[in-house]
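**Q** Residue numbers (the numbering used here), protein chains in the order written: chain X, 1140 to 1339; chain R, 470 to 623.
Accuracy of the hints is not assured; some may be wrong.
[What the hints assert, rightly or not] Pairs of lysine to aspartate or glutamate residues, derived as EDC-like cross-links and limited to a Cα-Cα distance of at most 20 Å, are as follows:
#  : chain 1 : residue 1 : chain 2 : residue 2
1  : X       : Lys1281   : R       : Asp488
2  : X       : Lys1325   : X       : Glu1271
3  : R       : Lys571    : R       : Glu592
4  : R       : Lys571    : R       : Glu510
5  : R       : Lys571    : R       : Glu590
6  : X       : Lys1281   : R       : Asp479
7  : X       : Lys1327   : R       : Asp474
8  : X       : Lys1327   : X       : Asp1273
9  : X       : Lys1327   : R       : Asp479
10 : X       : Lys1327   : X       : Asp1297
11 : X       : Lys1281   : R       : Glu486
12 : X       : Lys1239   : X       : Asp1196
13 : R       : Lys571    : R       : Glu585
14 : X       : Lys1325   : R       : Asp474
15 : R       : Lys571    : R       : Asp584
16 : X       : Lys1325   : R       : Asp479
17 : X       : Lys1327   : X       : Glu1271
18 : X       : Lys1239   : R       : Glu518
Hints were generated in silico from the structure; no laboratory data involved.
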Amino acid sequence: MTVQKAADKSDEGSVWEVSARHFRRWRTGEHDALDELVRSLTPILWQVVRSYRLDRDQAEDVVQTTWLTLVRRHESIAEPQAVGAWLMTTARREAWRVAKLAERQAPMDDEILTARLPHHPGVDTEVIAADESDQLWHSVHKLSPRCQRLLRIIAFDDRPDYTSLAESLGMPIGSIGPTRGRCLAKLKDLLAAEGSSTHV
Amino acid sequence: MSERDALLGDIAAMWREADPMPADLVDKVLVAIGGDNLDVEYELLHLVERSRELEGVRGLGDAYTVVFSSGPYSLLLRVGTHAAGRRRVDGWLSPPQSMTVKVTQQADTRYADADETGRFEFEWLPAGLSRFWLAFTDSAAEPDHPFATPAFEL
Chain X
1140 MTVQKAADKS DEGSVWEVSA RHFRRWRTGE HDALDELVRS LTPILWQVVR SYRLDRDQAE
1200 DVVQTTWLTL VRRHESIAEP QAVGAWLMTT ARREAWRVAK LAERQAPMDD EILTARLPHH
1260 PGVDTEVIAA DESDQLWHSV HKLSPRCQRL LRIIAFDDRP DYTSLAESLG MPIGSIGPTR
1320 GRCLAKLKDL LAAEGSSTHV
Chain R
470 MSERDALLGD IAAMWREADP MPADLVDKVL VAIGGDNLDV EYELLHLVER SRELEGVRGL
530 GDAYTVVFSS GPYSLLLRVG THAAGRRRVD GWLSPPQSMT VKVTQQADTR YADADETGRF
590 EFEWLPAGLS RFWLAFTDSA AEPDHPFATP AFEL
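This is chain X alone, in the form it adopts within the complex (with noise of 0.2 Å):
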C-alpha cells in the first residue's frame, strides 16, 4: 500500500505519458500492456467516479464498464495520447448516468467517516500531520457538493474535458474556470479559518 501510494505520486506528472506508452504497445499487439494500462489508471478512474457519489458498488461496475467500452471501443481513439483524457471522460459520463439513475446518495459519507474514525495519538510530527489533515477533510467537506466534486476530479485529472464535465457538473463550459478558482479559493479561506479558530 505504502509502494503503491509512492508510486503514484512519482508518477502523477507523467501517468498520462505513461498510459499512451502502454496502450500503444496494446494496440501494437502486446497484451500484457492492456494490464498495464488498467494498473496504472484504475486508481485515477476509480477516484472520478467516486466524486458523483456513487456507492462503492455502483463506483466499481461504472470503472468495469469503462474499461470494457475501451476494449470495445479503442478504434475512436486517433492519437494514443489521448487515451487517459478518453478514459476519463468515458468514466465521468458513464458516473453521471448512473448517478442520476439510482439517485442514491447517502451510504457514502457514513463509508468514509467510518474508515476515518480511529485516530491514534502518536509522536508530536504525527498529531500536527493528522491535524492538518483533519482541517483539510473539514474545510472540503464545509464546500458546496459541486465545489466538492469538481476539486476532486481536477485533483486527479488536471486536464479534463471541459465539455463533458460542464455536462455532468450542470454548469455552462464558460462557468468551469472562474468556478474553480472560486472553489479553491474558498478552501483556503476555510483553511485559514480553521487554522485560526483556537483564538475565537
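Could you slot chain R onto chain X? The hints should help.
**A** Just chain R now, with coordinates in the frame of chain X:
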C-alpha cells in the same frame, strides 16, 4: 502543470487515503476484459442494485439479490449462500425471453437454459468473480447479440 495549485495535490492525497480503490478492483477489471470474449459483440448490462436480505428459514444462510438492466430488460439474480464457497442462483429476466445462460468464472464455464418465462437456475456455482451471459434462443428477439453483466463477486 506549472499553474497547478499545491493544494490540489493535498486533496488528491486526502481522497486516496480516505476512499481508496477496493483492493480487488484491478483484478475484477482484468477478469472482465480478459478471456476470449473480446471479439464477441454484446450488450452490457449495468448494475442497478445489490441488496442483502436475511433468509427466513434457519440454516440456509444469507441470500442477496443483484439487479442488472439494459434498455427495457432487467435481470434479477437471487443468490443463496447456503454452503461455504457455494452459491445457488435463481435468475429471472424481465420482460421474459427464452435463452441460454452462460456463467464464466476464472476457472469455469457453466450453462443453464431459460424457457419463455425467462427463469433459470444454477443449483450451485463456485463462489468468486463471475460474469453472466444471456443469449436469446428466439431468433426474432431483439437484440440479436448476447447480453453480458460486468464481473461481480458471487
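**Q** For each hint given before, does the structure comply? Return the numbers of the non-compliant ones in rising order.
**A** none
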